[in-house]
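Going down the list, the sequences are from chains A and B.
Using numbering that gives the first Met the number 0, the first residue of the first sequence is number 0, and each one after it goes up by one.
Using numbering that gives the first Met the number 0, the first residue of the second sequence is number 0, and each one after it goes up by one.
Hints are computed from structural coordinates only; laboratory data are not their basis.
Mixed in with the good hints there might be a few duds.
Note: identical chains are not told apart, hence a pair may lie in one copy or across any two.
Said to hold, decoys possible - Derived DSSO-like pairs (lysine-lysine); straight-line CA-CA distance at most 27 angstroms:
1) K260 - K162
2) K81 - K112
3) K260 - K135
Quick caveat, the model's predicted, so the values are computed rather than measured.
Protein chains: 2
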Amino acid sequence: MISMIRGCIRAAPCATDDDAAVMPIGRDDLVVCTDSVTFERHMPEGMTYEQFGWMAAAVNMSDLAAMGATPIGVVSALLLPKDMETSQVCEIMTGVDECAEFCNCHIVGGDTKPGNGVASVTAFGVMEGRRPMTRKGARVGDVIAVTGELGAAAAGFLALANKFDMPDAVSALCAPIPRVEEGIALSSSGLVSSCIDLSDGLATALNTICSMNGCGAIVEWDLLPRSQYVDEVCSRLGVPDRELTIGWGGEYELLFTFDRKDAETLYELGVDFSMIGLITENDVVLHRDEKYEALGYGCY
Amino acid sequence: MISMIRGCIRAAPCATDDDAAVMPIGRDDLVVCTDSVTFERHMPEGMTYEQFGWMAAAVNMSDLAAMGATPIGVVSALLLPKDMETSQVCEIMTGVDECAEFCNCHIVGGDTKPGNGVASVTAFGVMEGRRPMTRKGARVGDVIAVTGELGAAAAGFLALANKFDMPDAVSALCAPIPRVEEGIALSSSGLVSSCIDLSDGLATALNTICSMNGCGAIVEWDLLPRSQYVDEVCSRLGVPDRELTIGWGGEYELLFTFDRKDAETLYELGVDFSMIGLITENDVVLHRDEKYEALGYGCY
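Just chain A, with the same shape it has in the complex:
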């Protein structure tokens, strides 16, 4: 769909292959991204309106974070059922505002119309002299790293569905933390060769990076910073841990690559990350239990 749309509009001089665009303004770079969430697709039973609002902002803040931009504002276009109560609309906007506050900025505009339950948020940020991190740039031999932990959102989804009492996992799903501070720190280092967020899951994100850079990757299962909730949910439900850890989306950690000689300098930034593999020449594979298997695109 994206390539089809690109075929019918003029190419923007500032177009990137990323989820956010970069536009020069004066001496700074403006970074812009837009994304919609809907009641139907993004609001599992148990998610509050406030969390829905947070989510609507967070998915966009995460796109800014992947470029290393400093958020400066968001606008939200809501399309909401006519029978929604005023207090519920307020809860959504409170959630958007709380996420904006977490990212040190404000809601600066918006629009509300009747509709089916959609929040289209546009977030913008500035680079303040830093070079934007993009998906393009990973080189053979680079280390692959991810911030935070993996799989908590997927575990939260199954916890909600099965009424398990796992508030932290549910929170990872319903109010994900966009890695804005981490993105700013990583971009300010100038050492990151490529970066992407995990909104579509690790498997899809890494395949995207590899296909964009004409390279492969090897990921070590034992190095993946798996959330404790993955193990707990998997053992209670008897489901395999691979899909939850790398196949699901709704995860807002950053995946990034860098030259291995820079590992120490990056650790000194104070960003919490784990090195999970290496960029290689060809296939994208997962190494687990002494076997290599193709790391296909995730289910998201």
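Starting from the structure of chain A, add chain B where the hints point.
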């Protein structure tokens, strides 16, 4: 709804009472606005998908124009029925892109998800050193002026509904021209005391300006630059011309005010505008046929 939402979020330092927000970036001012259009509310029978896309962009460009900003880019979040054909999606994006091109900028990002037929567009502009025009500032004694002609969009709506052959009126409705160039020229003059677009119709726009500035207004019916299509549609359908001229929305001209001593300087800008009345102390009235009647809010 707007005031309710404002009550539940933190006030943005850059908040205005206008449809667009202004944020300082470096030495420039970034202007941002967002607005959604939907198949259900904004796509009368006879409107093409391309026109729908143009409209989605134009309503936002018009908000930039009212501030006098120079557009630098748009992003579009589409929510479209799953059974829409690829070519139809392309037509919408072509329409957005054509409007962006008319305004000298590009589509820089977007998102497409399944949904009921919504295009949420966010437009960005910069002031390039000009002072943003706002709704606040009209003073008693100021002249009230509008760009272009009034009522063509309303006439176009009735022409479509009644299958009258009036392509220019239908075009005014379905592919309205955002007054971006005019807005830039007016703001560069530094002589405009307040400005608003006519997206909700002249009556509502002028009442908004007056209530925001604690003043009244008198509008001379005979000075209104009425589109020829208003007369034609009204005589064919036997409907009164007042509502079509000032009561309907979907009009994207600019209404602005200025000190009467500056009229000549403003005419020299080359902007096509008509002086239609004066800002007064109290009531908002229309003077027609030697009678004064309240100029209430329009039907939009």
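- Message: If you test the structure against every hint from before, which numbers come out violated?
- Response: 1
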